[in-house]
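Protein chains: 2
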Amino acid sequence: MNKPVSQAEFPTPTVTTGPLAGSRRVYTQPEAAPHLSVPHREIDLHPTANEAPVRVYDCSGPYTDPAASIDVEQGLARARTAWVTARGGVEAYEGRPLSPLDNGGATGKYLARAFPVRHQPLRASGAGPVTQLEFARAGIITDEMIYAAERENLGRAAALAGAAERRADGEDFGAAIPEFVTPEFVRSEIARGRAVLPANINHGELEPMLIGRNFLVKINANIGNSAVASSVEEEVDKMVWAIRWGADTVMDLSTGKNIHNTREWILRNSPVPIGTVPIYQALEKVGGVAEDLTFDIFADTLIEQAEQGVDYFTIHAGVRLAYVPLTAARVTGIVSRGGSIMAKWCLAHHTESFLYTRFEEICEIMRAYDVTFSLGDGLRPGSIADANDRAQFAELETLGELTKVAWAHGCQVMIEGPGHVAMHKIKANMDKQLEVCGEAPFYTLGPLTTDIAPGYDHITSGIGAAMIGWFGTAMLCYVTPKEHLGLPDRDDVKTGVITYKIAAHAADLAKGHPAAKLRDDALSRARFEFRWEDQFNLSLDPDTARDFHDQTLPKEAHKVA
Amino acid sequence: MNKPVSQAEFPTPTVTTGPLAGSRRVYTQPEAAPHLSVPHREIDLHPTANEAPVRVYDCSGPYTDPAASIDVEQGLARARTAWVTARGGVEAYEGRPLSPLDNGGATGKYLARAFPVRHQPLRASGAGPVTQLEFARAGIITDEMIYAAERENLGRAAALAGAAERRADGEDFGAAIPEFVTPEFVRSEIARGRAVLPANINHGELEPMLIGRNFLVKINANIGNSAVASSVEEEVDKMVWAIRWGADTVMDLSTGKNIHNTREWILRNSPVPIGTVPIYQALEKVGGVAEDLTFDIFADTLIEQAEQGVDYFTIHAGVRLAYVPLTAARVTGIVSRGGSIMAKWCLAHHTESFLYTRFEEICEIMRAYDVTFSLGDGLRPGSIADANDRAQFAELETLGELTKVAWAHGCQVMIEGPGHVAMHKIKANMDKQLEVCGEAPFYTLGPLTTDIAPGYDHITSGIGAAMIGWFGTAMLCYVTPKEHLGLPDRDDVKTGVITYKIAAHAADLAKGHPAAKLRDDALSRARFEFRWEDQFNLSLDPDTARDFHDQTLPKEAHKVA
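In order, the protein sequence lines correspond to chains A and B.
Heads up, the first sequence is in the working numbering, so the first residue is 1 and it goes up one at a time.
Heads up, the second sequence is in the working numbering, so the first residue is 1 and it goes up one at a time.
A couple of the hints might just be wrong.
Stated by the list, open to error - Which residues of chain B face chain A? A few of them, derived with a C-beta cut under 7 angstroms, are:
(1) A79
(2) M423
(3) H424
(4) D451
(5) A453
(6) G462
(7) I498
(8) S524
(9) H549
(10) Q551
Bear in mind the hints are in silico, worked out from the structure with no lab data behind them.
Using N, Cα and C, we set each Cβ at its ideal position, and we do this for glycine too.
I would like the entire structure built from these sequences, with the hints used as guidance.
Here it is as structure tokens:
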């Protein structure tokens, strides 16, 4: 249960604001749409460097902009809503009435306070394009696409000098990374399903971004309260903290009571796409008894969350009845929570999963709000021993089949991947995913490359994440030091995010992304010239670098790089 | 300078003793030499597991054995000296007289206390075999080889069931890992130069071990005081702490004063091979002026250290005069300390390096004590930008040439490798090393896969280390979170060691080492069955795993693995 506070006592979440050390949030206006203001971060260098500021990708939102006024009770500005309504195809409506069950029946002091502002939801109003995929296929470049293209280029007006050489220097395993990202390139990547732009029409606070093999590798941070730990305030703070250090998307994996209200606070304050696993909330609505789940309860939960603005849903529709016995001889069975819920349901009813049989109805709901599918890998391996087995790959084949169904309904799709995989078996995962899922973006958890280091699974998985990112995975779901042991706190969130920024950047470098190496080179020059402040400020975590340095030695001892 | 204490006040180093949580140090007697007692560690499982204890490789020395009596003032027992003298070919002699310069001229309260016991040094007495390589070529299996074979097998009397399948399941890039390691296999690997057994005849305290591509991947931890920080006690404690968590060898990189005495305390208490970079001490002897270095001062330093029992020397003999200009256009020039000392010497005298021109004389010294060469990569890249450039590879080719010279003199050789290398350029390093160095073991620092995360370089480099270990590197030199920023403290040493144990183990798994996966499987079974204590005890760091778990949640929330 959450902290027992009355509605009146419920504290306003406090979040970390202010710029990262030595840097400023800056904005550029894309040529194709000068009304858009696209954020980046610029790191200023010491005058002796005689170098321009280094510009880096920024997903920290207005929180790092001293000029922005932050009021967590109001939420962020909803600039994007105007873009959505301007292009039409959507209608405002009353929305689904809130049920006490949406917050697990919590009442009185156990009920987390509702977000103070209510926005009327939008939904598709007809057959015209409403999803980014539908617009892309219709040849229409949306504001979101222009915005995201500008971000990927770090606001450059043209390809930087040397981009072609940096591309040629990489090994991208058949990706098609351009030297310069045009809005048209973004459109074409979305149209062919090779990238997603997760952007629920009800998430007006969103700063649009891209997930795809031909763009910068992205990372996701999981947050969420549980039945027993943490509160709404802590989760809002963790979200802002995670994006400060570089999380490109955030998944709210809350369980227990107050799921609805927690999510509302997170969404209204989030500039990054928010993902959820709706079956978690559906399960709460049936008292935690998997066998009692029904399609209607699930579909109602999808609508509830889609109206709030969740940008992508993990849906474990590939856990088919026939696959469950394939896990019987595994060392660690089914370790995905969503996967085990659905396996239990299938076995109890001895029936095919309703997520699979009624997948087209799910697509219709997803399309109406442009919620992106994140097809869950409910049968992912939970140990090195179970990697790449028949259960895992049978499910992946089904996810490939469902990808095509979702695409036919105009829905954006990405595919979730493992898990625990030794290094020599990682590439086979990427290759098979590309083959059976029509190049839909891959979104993997790690993978962890050994099982023997609980307490350090950010590292066991950071190794696998860097490799699979290099091979073509579009987004890496972080793992924190608390994996397998407990819920991450604020420090764990930061450690997980920084570790995964390392993995994503190492992958971008190896792929030969034209922008990636500029930052390494700037930092290396600073290092060689003993510009300590520049070295700190150019690093992923200036505070820690500075702190470590200040703990110890004079310059002489550091000459070895 | 070290802490100013008088000789009498100098405190006895305190070291951490006692077993790791849930485990025992055990010993087995090899069939081929029942007088040897070879250590392993056994982790007991909960009775409900109904499984035998899990045996793992142990390099912690007698410190984790409650039955051993530890007296740091006396040093460890010198069981190995009897093996060395029994097979002959060595003579005891008076040894080189200690010079005040050996401790940087420190006097009075600034002079670290000498180690209380002096052992007369041994050296080769004739042309008969004295090095492990010479014995191996002569078809003689030494006690050290038998001991190390028994360790690699974790004391198994025969190949474990399933070893062949685990081998077949891996990808080893042409390595020749056997299902079961026989003493004869060890001999043949050493004879052909594909493995080293670093074991100075004066390091009687040593528990012999192997470094080679067809054995378990090993890790090295660097310690060492500097001109301004840490004391003898701290360094002895760090050595014991590093091997407790899994360091297979330790390099003493001390600089400043008291180098000789610090090293003596470390060696007399070390069961693992100790490596040094002798040019560091030679430089102190000429007041830090690189140009003043001479071959005689260097050779005298080699003898000084060889008499003490140092097991391997990093020697940057591949930094040739002609290569120095190749670094001029680099982003980070020459970052190896040894490399830059020698480059400075070469340029100042405009002469070929004496390490290169008088390499055969160096070989004679190394052979007389069986000190293993670790041919240093003085021109390794210090940034992603400089990786795999002409300077680096020119030096590597020279190291290959010198390897053959050293082999001709009966010396064991390993080759040091980079450095900073993006993922897609790592394999080329391994392939080239194998090609030009006749399969002599590769010993790499990381490599770091990006430059942008100072404060987290154990992770940026752990990624590269796991990969290059998989590709064939025999030993991985750790990097701590303080890399580039300061000297590691005790916590940093532990973090570095655990990170590198992860990398080495991930590499063993991917190579299909027949013993590696057993531990993962045991831990995964414990995880799946919620045997929490077993999960903690089987992990690389039981204390941290237990601590993280106890901080947070009840079992329900952990079901997701």
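A quick look at each hint next to the structure:
Contact between A79(B) and chain A, as hinted, is not supported at the beta carbon level, the nearest pair being about 31 angstroms apart and thus beyond 7 angstroms. Among the interface hints, the one on M423(B) holds; its C-beta lies about 4 angstroms from the nearest C-beta in chain A, closer than the 7 angstroms criterion. Nearest Cβ of chain A to the Cβ of H424(B): about 4 angstroms, under the 7 angstroms cut. The hint holds. A cut of 7 angstroms between beta carbons decides the hint on D451(B): the least distance to chain A is about 4 angstroms, and the hint holds.
Annotation: A453(B) was flagged as interfacial toward chain A, and the flag holds, the nearest CB pair being 5 angstroms apart, inside 7 angstroms. With its C-beta approaching chain A no nearer than about 6 angstroms, G462(B) sits inside the 7 angstroms limit, and its interface hint holds. Evaluation of the I498(B) hint against chain A yields a held restraint, the C-beta minimum of about 6 angstroms falling below 7 angstroms. Hint status for S524(B): holds, given a least beta-carbon distance of 4 angstroms to chain A, under 7 angstroms.
Residue-level restraint check for H549(B) holds (minimum Cβ-Cβ distance to chain A is 4 angstroms; threshold 7 angstroms). Hint status for Q551(B) relative to chain A: holds, with the closest Cβ pair at about 6 angstroms, below 7 angstroms.
Of the numbered hints given earlier, the model fails hint 1 alone.
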